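Chemist: Residue-level listing of the chains:
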Amino acid sequence: MPTFARNQWYVAAYGREIGRELFARTILGEPIVFYRTETGEPVALADRCVHRRFPLSESNLDGDRIVCGYHGFTYDTTGTCVAVPGQNRVPRTARVPSYPVIEQDSFVWVWIGDPARADTARIPRAPWLADSGYATVSGMEPLAARYELLVDNLMDLSHETYLHGGYIGTPEVASTPITTEVDEEREIIYVSRHMDDAECPAFYSKSTGLEGRITRWQDIEYHPPCLYLLHSRIAPVGVLPREDGSDPDAFHVEVVYAITPETEHSTHDFWAVARDFALKDEGVSEFLRENNRTVVLQDVTALDILEKVVAAEADGYQELSINIDTGGLAARRFLKRMIEREQEVRA
Amino acid sequence: MPTFARNQWYVAAYGREIGRELFARTILGEPIVFYRTETGEPVALADRCVHRRFPLSESNLDGDRIVCGYHGFTYDTTGTCVAVPGQNRVPRTARVPSYPVIEQDSFVWVWIGDPARADTARIPRAPWLADSGYATVSGMEPLAARYELLVDNLMDLSHETYLHGGYIGTPEVASTPITTEVDEEREIIYVSRHMDDAECPAFYSKSTGLEGRITRWQDIEYHPPCLYLLHSRIAPVGVLPREDGSDPDAFHVEVVYAITPETEHSTHDFWAVARDFALKDEGVSEFLRENNRTVVLQDVTALDILEKVVAAEADGYQELSINIDTGGLAARRFLKRMIEREQEVRA
Amino acid sequence: MPTFARNQWYVAAYGREIGRELFARTILGEPIVFYRTETGEPVALADRCVHRRFPLSESNLDGDRIVCGYHGFTYDTTGTCVAVPGQNRVPRTARVPSYPVIEQDSFVWVWIGDPARADTARIPRAPWLADSGYATVSGMEPLAARYELLVDNLMDLSHETYLHGGYIGTPEVASTPITTEVDEEREIIYVSRHMDDAECPAFYSKSTGLEGRITRWQDIEYHPPCLYLLHSRIAPVGVLPREDGSDPDAFHVEVVYAITPETEHSTHDFWAVARDFALKDEGVSEFLRENNRTVVLQDVTALDILEKVVAAEADGYQELSINIDTGGLAARRFLKRMIEREQEVRA
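Chains as they are written, first to last, in our numbering: chain A, 1 to 347; chain B, 1 to 347; chain C, 1 to 347.
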């Protein structure tokens with residue numbers, strides 16, 4: 001049984017990472033070379049020459065074409081080989097796979113599975129990341145752990161209290177019960193924790209200027225497999241959205257994670273923090289960037305340890321789950337179902 | 001076939017290593033967290049939370065309880081979970097294994113197998129290490145080799161001549177024949193080498209002040225699997241114990257090794273040197289500590305190399321054994337028998 | 001199916017590498033210890049003591065004998081054990097394998113397979129390396145890649161244009177078609193590329209002093225599995241060998257590679273460059289040594305990458321081959337046939 005669904009969109013990179021330099025990244029175990037054409041279109045090709053498998057990412061761009069760094073086999077943006085050394089005839093089968101890519105919401109999304117099924121309308125949205133009404137900081141940390149451990153981690157924020165104390169964790173996160181909703185049809189999982197009267201962690205007090213206790217909402221919206229949204233709302237105790245749905249007296253932070261398996265045991269951990277306040281304040285941007293990166297690295301450290309534990313474990317180890325795990329267990333079920341669906345199609 | 005016997009006592013640590021900080025050590029492949037209660041009792045628990053397997057050693061002590069560093073699952077000294085996040089009810093099955101531990105002769109001994117069979121009376125003794133009539137230096141070196149290679153090494157001291165020349169090895173060690181006795185019932189192996197007229201190696205001449213040639217006795221007493229005792233007696237040539245058994249004119253050094261498998265391919269190599277002379281002489285202590293550690297590290301270097309050789313070897317490689325290996329072969333037989341006994345009990 | 005033929009001669013070392021110090025090198029997966037006797041004869045023995053497998057290379061020479069560094073088992077130049085500790089009788093079976101070795105053309109050749117089949121007449125020759133009519137520079141670079149990748153690399157020099165541009169590569173190498181001849185009986189492969197009017201790369205312009213365009217011949221002669229010869233001829237455009245076969249107006253460089261598998265996934269990459277001009281010019285020697293080493297390291301970097309690609313690849317990956325690969329494909333066929341022949345003899 002494979003451990004990831006291939007017929008899904010995954011974030012391959014931030015748009016800013018892809019340019020006129022050849023850029024190598026492995027997605028779902030597939031080595032891929034990315035670049036932009038002279039007109040700026042992103043291209044994704046399998047990262048190995050058809051001839052002797054040399055990585056194309058170790059090669060050179062000639063206009064919009066890649067010239068293999070080993071023997072000079074030359075490819076256009078569709079992966080078709082257009083020149084070979086020592087002869088004029090190019091074999092008709094000389095072609096490397098190309099992958100559908102879409103640039104949206106600051107991300108470059110890639111489709112690894114059957115290209116005929118790559119429906120771009122199905123890419124979930126994170127519009128804040130490319131919205132001038134928000135200020136965004138973002139990054140990516142490599143994780144030496146299977147992506148399922150990151151999904152577990154993000155679906156159960158009670159860990160903030162223990163792993164991220166002093167940053168985003170306070171006692172109320174762990175002690176406040178959650179509500180979980182599962183949309184079986186659209187395959188989205190919602191986990192909410194509304195704290196009415198909570199301590200304000202440094203991450204929010206320093207960025208918003210709020211003093212004293214707060215009402216703090218965490219509304220998770222997970223679109224398996226790749227996109228995780230945390231709608232975070234912070235306001236003074238008692239301040240609620242208005243009846244018309246507007247919410248001018250609260251601070252809103254959209255925390256976005258893209259969870260992309262690199263291999264079965266490693267993950268690209270993309271993170272972004274978009275806020276609707278202090279838009280021009282570079283100090284706040286810098287504070288949130290540094291603090292969120294620290295928080296992500298706390299997770300990375302813990303999950304890298306956990307990967308070693310899980311990898312060394314005999315099969316059939318039985319975990320114990322409680323209420324806080326409802327969302328995480330639903331996520332595991334969805335991910336399993338997506339993989340099984342693909343297996344059935346194949347069979 | 002497993003490679004170690006589980007229903008046996010093993011040295012987990014020196015007593016001085018275990019305190020109010022959580023202390024992780026793997027014994028027979030089992031990750032274990034150790035600590036002392038507020039009243040000083042040593043505790044050993046399985047080093048992974050029942051919830052998501054996070055290592056408890058990466059957590060915090062709250063009084064005598066461990067609070068998991070990931071989601072706050074809280075355990076008492078018996079391994080029973082007494083608190084979980086987000087709910088009041090603690091699942092009845094929430095408990096991590098605890099291991100019997102006994103502190104004796106400066107060591108903390110642990111029992112990994114069936115707790116019902118943990119008979120503390122069966123722990124072999126090394127009383128000198130906690131006896132005010134002796135001065136002791138000790139340490140532990142990690143060995144990247146299977147424990148059987150260390151057993152082989154210690155059972156055949158002819159290697160002192162070649163591997164430890166200039167420290168404890170002289171030509172007489174390799175050239176003097178040994179006598180071996182095997183107590184099948186109590187499962188103890190005795191190997192003796194009595195040199196009547198031997199060169200005095202630096203290790204003993206500098207610590208005792210003896211000049212000239214010596215009578216040197218090496219009486220090994222191995223209690224498989226873990227405890228190895230070398231009763232070392234040094235005296236001027238011709239000086240023997242008296243008829244009444246007393247031996248006031250000789251120097252006695254009790255060399256103790258505890259051989260504890262960490263994994264199938266690594267070992268905790270505990271070593272201690274207890275002497276009945278120059279008890280208050282810090283210079284002698286420092287000399288013996290540094291010299292014995294050097295000797296142990298010479299073994300570690302050789303055995304780490306040997307592990308790679310053995311690990312790369314095809315199965316069925318046939319070694320050649322001679323007289324000096326009698327004790328080592330008996331040790332292998334006992335170790336094999338202990339494991340087989342456990343397999344039979346299981347079946 | 002094994003990946004290398006054992007009943008073949010392989011280069012183990014340069015003669016200069018073997019002396020009165022014990023020298024360890026693994027050939028075809030076999031750890032071997034090399035040394036010279038007091039009269040200068042090279043000796044090759046299996047690098048593990050019959051007793052407990054300690055590497056003899058971690059031991060000491062006593063005259064022409066090796067004394068094991070662990071317990072003192074002592075071996076003569078035939079591998080026969082002549083002394084053991086603690087007893088006078090040496091077991092009759094105590095012996096380590098010895099390997100036939102021949103010193104020729106500056107190399108020490110070794111035979112790993114059945115000694116009865118070690119016909120020294122079959123060692124291919126590279127006479128320039130020990131000929132006073134030539135000046136030679138040479139070295140060995142360890143390659144973390146299977147030897148087949150190095151064979152591929154050397155059989156298809158069109159890669160010079162892309163991987164070694166600025167050193168030995170020019171556009172003409174990749175664009176000039178090759179001719180390939182395969183001697184099925186003697187098992188030699190010839191690949192020739194004669195460029196009539198080519199750019200002179202730095203490697204040749206700086207060493208010969210030639211200015212302007214050149215006629216450049218590359219005549220490969222591969223004696224599988226180990227010896228690869230590149231007869232390189234450089235002359236001003238239009239200058240050809242005379243009718244009598246003499247060629248006084250050209251520069252000749254004999255490039256020699258010995259390709260020796262260390263393990264299934266690593267290779268000893270011996271390289272030598274012999275020239276028939278500027279014999280006494282140390283500056284030219286130094287230039288060619290540094291430049292050829294740089295070129296070899298460019299290959300090492302590329303092939304180390306390629307090894308990782310190939311090792312991670314699922315079986316059955318289909319490469320695409322074109323005309324330039326004719327010689328390389330013939331080489332693969334010969335290597336496979338040599339291995340199959342051995343399998344048949346065994347069966």
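Don't read these hints as lab results, they were simulated from the structure. Among the hints, erroneous ones may be present.
As a list, the in silico DSSO-like pairs of lysine-lysine whose alpha-carbon atoms are at most 27 Å apart [to be verified]:
1. C/308 x A/308
2. A/308 x B/280
3. B/308 x C/336
4. C/336 x C/308
In this text, all values refer to a predicted model and were calculated from it rather than measured experimentally.
Chemist: Now, for every hint given, state plainly whether the structure supports it.
Modeler: Hint by hint, here is what the structure shows:
no.	hint	verdict
1	C/308 x A/308	holds, 23 Å
2	A/308 x B/280	violated, 47 Å
3	B/308 x C/336	violated, 30 Å
4	C/336 x C/308	holds, 22 Å
Checked against the numbered hints given earlier, the structure breaks hints 2 and 3 and satisfies all the rest.
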